[in-house]
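Participant: Okay, here's what each chain looks like letter by letter:
4 protein chains.
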Amino acid sequence: MLLDPTAAGLFPIAPTPFTPDGAVDHGSVDTLITRYLTAGATGVTVLGIMGEAPKLEPDESLAITARFIDGFGKLPVIVGVSAPGFAAMRALARAVMERGAAGVMIAPPPALRTDDQITGYYRQAVEAIGTDIPFVIQDYPLTLTVQMTPKVIRQIVQENASCVMLKHEDWPGLEKISALRGFQKDGSLRPISILTGNGGLFLDFEMERGVDGAMTGYAFPEMLADVVQLQKGGRRDEAHDLFDAHLPLLRYEQQQGVGLAVRKYVMMRRGFIASDAQRKPGAALSATAKAEVEYLLARLAKHDERARL
Amino acid sequence: MLLDPTAAGLFPIAPTPFTPDGAVDHGSVDTLITRYLTAGATGVTVLGIMGEAPKLEPDESLAITARFIDGFGKLPVIVGVSAPGFAAMRALARAVMERGAAGVMIAPPPALRTDDQITGYYRQAVEAIGTDIPFVIQDYPLTLTVQMTPKVIRQIVQENASCVMLKHEDWPGLEKISALRGFQKDGSLRPISILTGNGGLFLDFEMERGVDGAMTGYAFPEMLADVVQLQKGGRRDEAHDLFDAHLPLLRYEQQQGVGLAVRKYVMMRRGFIASDAQRKPGAALSATAKAEVEYLLARLAKHDERARL
Amino acid sequence: MLLDPTAAGLFPIAPTPFTPDGAVDHGSVDTLITRYLTAGATGVTVLGIMGEAPKLEPDESLAITARFIDGFGKLPVIVGVSAPGFAAMRALARAVMERGAAGVMIAPPPALRTDDQITGYYRQAVEAIGTDIPFVIQDYPLTLTVQMTPKVIRQIVQENASCVMLKHEDWPGLEKISALRGFQKDGSLRPISILTGNGGLFLDFEMERGVDGAMTGYAFPEMLADVVQLQKGGRRDEAHDLFDAHLPLLRYEQQQGVGLAVRKYVMMRRGFIASDAQRKPGAALSATAKAEVEYLLARLAKHDERARL
Amino acid sequence: MLLDPTAAGLFPIAPTPFTPDGAVDHGSVDTLITRYLTAGATGVTVLGIMGEAPKLEPDESLAITARFIDGFGKLPVIVGVSAPGFAAMRALARAVMERGAAGVMIAPPPALRTDDQITGYYRQAVEAIGTDIPFVIQDYPLTLTVQMTPKVIRQIVQENASCVMLKHEDWPGLEKISALRGFQKDGSLRPISILTGNGGLFLDFEMERGVDGAMTGYAFPEMLADVVQLQKGGRRDEAHDLFDAHLPLLRYEQQQGVGLAVRKYVMMRRGFIASDAQRKPGAALSATAKAEVEYLLARLAKHDERARL
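Chains as they are written, first to last, in the working numbering: chain H, 1 to 309; chain R, 1001 to 1309; chain C, 2001 to 2309; chain D, 3001 to 3309.
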């Protein structure tokens, strides 16, 4: 099933589990799938920045993707295909779609600066992968250094019929959501799905601004799914209560560079993956940092009983 | 009294209050001083990035500084003197020190890349302003794009006897604090004061890593002062409880660009300043954003009674 | 006399002459003025990046500007007023215009990325300095990292009636000139003057693409003036012959960082200025570099007899 | 035969020839090889930035490399293996070495800032590809934005025995060459080969500063080879005469972005390759630009008879 603009809910950014000696841990992929489904995921995104995609061989990338596709069944799997050249992007995009992926995600290369460069890049990317593959724009200036205005995003969507979703992780970005939804109201932008990233740091208010859900990898995906559902159900205070209980840990996990180490450590502690190993280059947690995470986990467990280890 | 390495506690980054028509509001400066002292400030920093320093005329900068110096009495006032050239930096530094400032803060210009460029810049800056002025290194890569390793900071400290403090706002930065304190333990770095910024987003753990306090402008300075004191007193859980209650708002205020508008709005609501006006260019809060802040304030008031408006 | 869109010819970017002990050398300013006028300058630009503007005290900036205004008589003097804040920009702009400057030059701050940020910045700058001051856009991405498309430049010109000139130093930039002149032909852009920088590295072809002249500081301004005149007179081969004779030295001078040291050294050797001293921070020429420059000067003298020392 | 620190002469950066419909043109690869050998090349570098490497499929990359290896016989072929992740870098490096490459070239990823980040990256890269593969450091800050001081380069060389060459294209970079050769004289740096890039823009003086030759793709490789030989033979004036004759065109070709289009166009005009086609994304030459290149070629032919078309 192809990704379309009605996609909503929680699409976790899946980490790639490795064994301590660096092999892909396919058993942990299966565990991860089960846990994500239990948590309420409505889809999943693999081979993202936090999935350590550049550290994988092409056949490993395909194998991991296939396992997620099989595990998620009818639920959509989005595959990150960002690459320094269109040859590699096209090859990966065609391969994963043939294997059953629902769509692909494309981040702009860091050198892009002007509005024309950005819109031109997406036109060329679509030409490269083909107009039949639904794609997601990744808007993540903090890491990618590319800044897209709401008008630029609108132009990309309007010029490329295969664009169905925005992964929004501008920072700050609340007004951008309102601007894009405003474009839809005034008829200048066709409907697209907007899911938000940034580790979830503003998910509470992003939902109120009108996004369709979350696409991020926080180690407690059930919280993300629940906040999305509570907000959709109009239960604002409950959504914030739950979100706030997790915010101290979520903030800790959102640190650039070391964030993935925190996330994998917590996932290992929760039994989602067997090991928190990363392939090189990867930041490791110091003993002090691990103790800090444990302290945060202990505090969290007091507020959210599902968070007890 | 000159700033020295024993400086500790809370040095708020003071905003510059303006009237709605853009004049400096000296009356609000006085109110701000009173509130900061009541909150437990042990010093203050003026003309920082969040103080809208580049929007001030030279005589306005001096007048504001003078008012803070008079108001803070024996408590130290640090003045931001970062400038695109050493002529302006020297002129401002000499002028404020003559008027009674305790020291100056210097941020590296964004073009610096290599370790040698950074250490060379600080040597030249010290030569420009004179070796008799105590100075603070501002380490803020998220905004300034300059990355200083712990070794580079150590070299700056060791090469310049007038360096007495680090304003630490690397992000993430917890391990950097441990590295610097480790240098002091192994004798390779002389004692300096470390105060942390980044809007306070990691103050809870930064204190545990060994910093001396906070230098940031969150709109509830009493919370910052209290977290510093609680942690110094070994009351860890209480420190985190207080910090966590403020984290949803603090996180909201820490958004780049719009953050100062949030901060000034909350300060206006609390009676710290008469108006939340900024000089141009400045981001304004939308009605939606104001409502979000009010919601956060209302929630905060349930956890921290001093936060009631 | 105010700068207008008919400005053409050679506007040298004037260096600021210093004595070896760092004082402004006003006598050399006078010599420089005489030499520029003899070389065929039709105006001059002071306090540019290569004029070491950030190293000057405000009163020094005004004094230098005044001396150039007096020396150039009825010929226009453009003053660089780029600053990190609008307060300083406005103060300098109003002061120099009152003293008789013809217009000001404004470079965008390095943080600007999107088209909207750039056009917004110029709107705010014009609001700050006043709509009565003719201004020049400086388009210099190699150093400033801000990329303006032809459409963005057009928008700035169309939105701000006081914009009369573009200092074009995009790199590469020949097609940009053609695009802008094309906008004028199709009526979507009103006439503006375009002078080119980049040390003159593409002046030969820039003239053929339709610019009005040069605004750059190469140490042989008479070559720049002559190439402009030869090209305007349709004497293409002669223009290239002259240009090519200077290209080895011009290329050497165009090196980032060390370029000003080369330029001042050659100007000192030619008697334009008494000393090649720079204020700190400034790159110095090694003995080897000086020998290389001397070798280039000796070779040049064989092709251009006016270049004999 | 493996690359070693005695490598010298001319290693052209080979473009990848395509047919107008975008297929790799292996016939033109053979022609290119013949022309390079005739021009005096002592080796060749493939899959560099100007070789459009990111636009190639993995099997195409290998096929092109193999053809160059076969064509160059005992002369060394260096292969660019820079990649966003170590998995792809290792896979390509092992594959080309097995096929007979002499060594690989590694550029630092743009995100690197501090000295420690850069040296750490090369340690990890060597660990990834294996310590048995000779490698070349590519030092190209203008495009890569990574700045390596001479001390950082020395540290990389000293820490990694398999580092045998520096591709130097810092800009400006003459003093850097002197600094590195100075390190060798004082015994703090073991011998390495230094070849220079930057389109050859400073080759005349780089040779005098002590480099071993050129690694760049200017469309007249015989000029590069001859300048290297003339300078090695102490025939300085002749070297500069030849170089200066080419400088107007060489400068034109060195424009970022459009440079490869110029280079391929001239190579097509000279019969080195059958078509100047680039794969997307690629800049095309306007009619005006082509006419400018033709004009430069005609002028060049007057000074260098081998340049006649």
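Just so you know, the hints here were simulated from the structure itself, not pulled from any lab data.
C-beta: ideal position from N, C-alpha, C; glycine also.
Take these hints with a grain of salt, some might be off.
What the hints assert, rightly or not - Okay, the calculated beta carbon distance ranges per label pair:
(1) R/1004 - H/27: 25 to 33 Å
(2) R/1021 - C/2238: 35 to 43 Å
(3) H/286 - R/1187: 16 to 24 Å
(4) D/3110 - R/1131: 31 to 39 Å
(5) R/1257 - D/3308: 55 to 63 Å
(6) D/3123 - R/1111: 45 to 53 Å
Stated by the list, open to error - Sample of chain H residues facing chain C (criterion: CB under 7 Å; computed from the structure):
(7) 116
(8) 147
(9) 149
(10) 186
(11) 188
(12) 190
Participant: Given residue 116 of chain H as an interface hint, is its Cβ closer than 7 Å to any Cβ of chain C?
Facilitator: holds (5 Å)
Participant: A range of 16 to 24 Å was offered for this pair. Does it hold for the Cβ distance of residue 286 of chain H and residue 1187 of chain R?
Facilitator: holds (21 Å)
Participant: Does 45 to 53 Å hold as the CB distance between residue 3123 of chain D and residue 1111 of chain R, or does it fail?
Facilitator: violated (27 Å)
Participant: Taking the beta carbons of residue 3110 of chain D and residue 1131 of chain R, is their distance inside 31 to 39 Å?
Facilitator: Holds, at about 37 Å.
Participant: Go through the hint on residue 190 of chain H and say holds or violated, using the shortest Cβ distance to chain C against 7 Å.
Facilitator: It is violated, given that the least Cβ distance between residue 190 of chain H and chain C is near 22 Å, above 7 Å.
Participant: Hint residue 149 of chain H vs chain C: min CB-CB distance below 7 Å?
Facilitator: holds (5 Å)
Participant: Go through the hint on residue 188 of chain H and say holds or violated, using the shortest Cβ distance to chain C against 7 Å.
Facilitator: At 16 Å from the nearest chain C Cβ, residue 188 of chain H fails the 7 Å test, so the hint is violated.
Participant: With a cut-off of 7 Å on the beta carbons, see whether residue 186 of chain H makes it to chain C.
Facilitator: violated (18 Å)
Participant: Next item in the hint list is residue 147 of chain H. Is there a CB on chain C closer than 7 Å to its CB?
Facilitator: Cβ of residue 147 of chain H sits 4 Å from chain C, so the hint holds.
Participant: Evaluate the given range 35 to 43 Å for the C-beta pair formed by residue 1021 of chain R and residue 2238 of chain C.
Facilitator: Since residue 1021 of chain R and residue 2238 of chain C have Cβ atoms about 60 Å apart, the given range 35 to 43 Å is violated.
Participant: Take a look at whether the Cβ-Cβ distance between residue 1257 of chain R and residue 3308 of chain D falls inside 55 to 63 Å.
Facilitator: For residue 1257 of chain R and residue 3308 of chain D the Cβ distance comes to about 59 Å; the hint holds.
Participant: Take a look at whether the Cβ-Cβ distance between residue 1004 of chain R and residue 27 of chain H falls inside 25 to 33 Å.
Facilitator: Between residue 1004 of chain R and residue 27 of chain H, where Cβ atoms are some 58 Å apart, the hint is violated.
When held up to the earlier numbered hints, the structure conflicts with 1, 2, 6, 10, 11 and 12 and fits the remainder.
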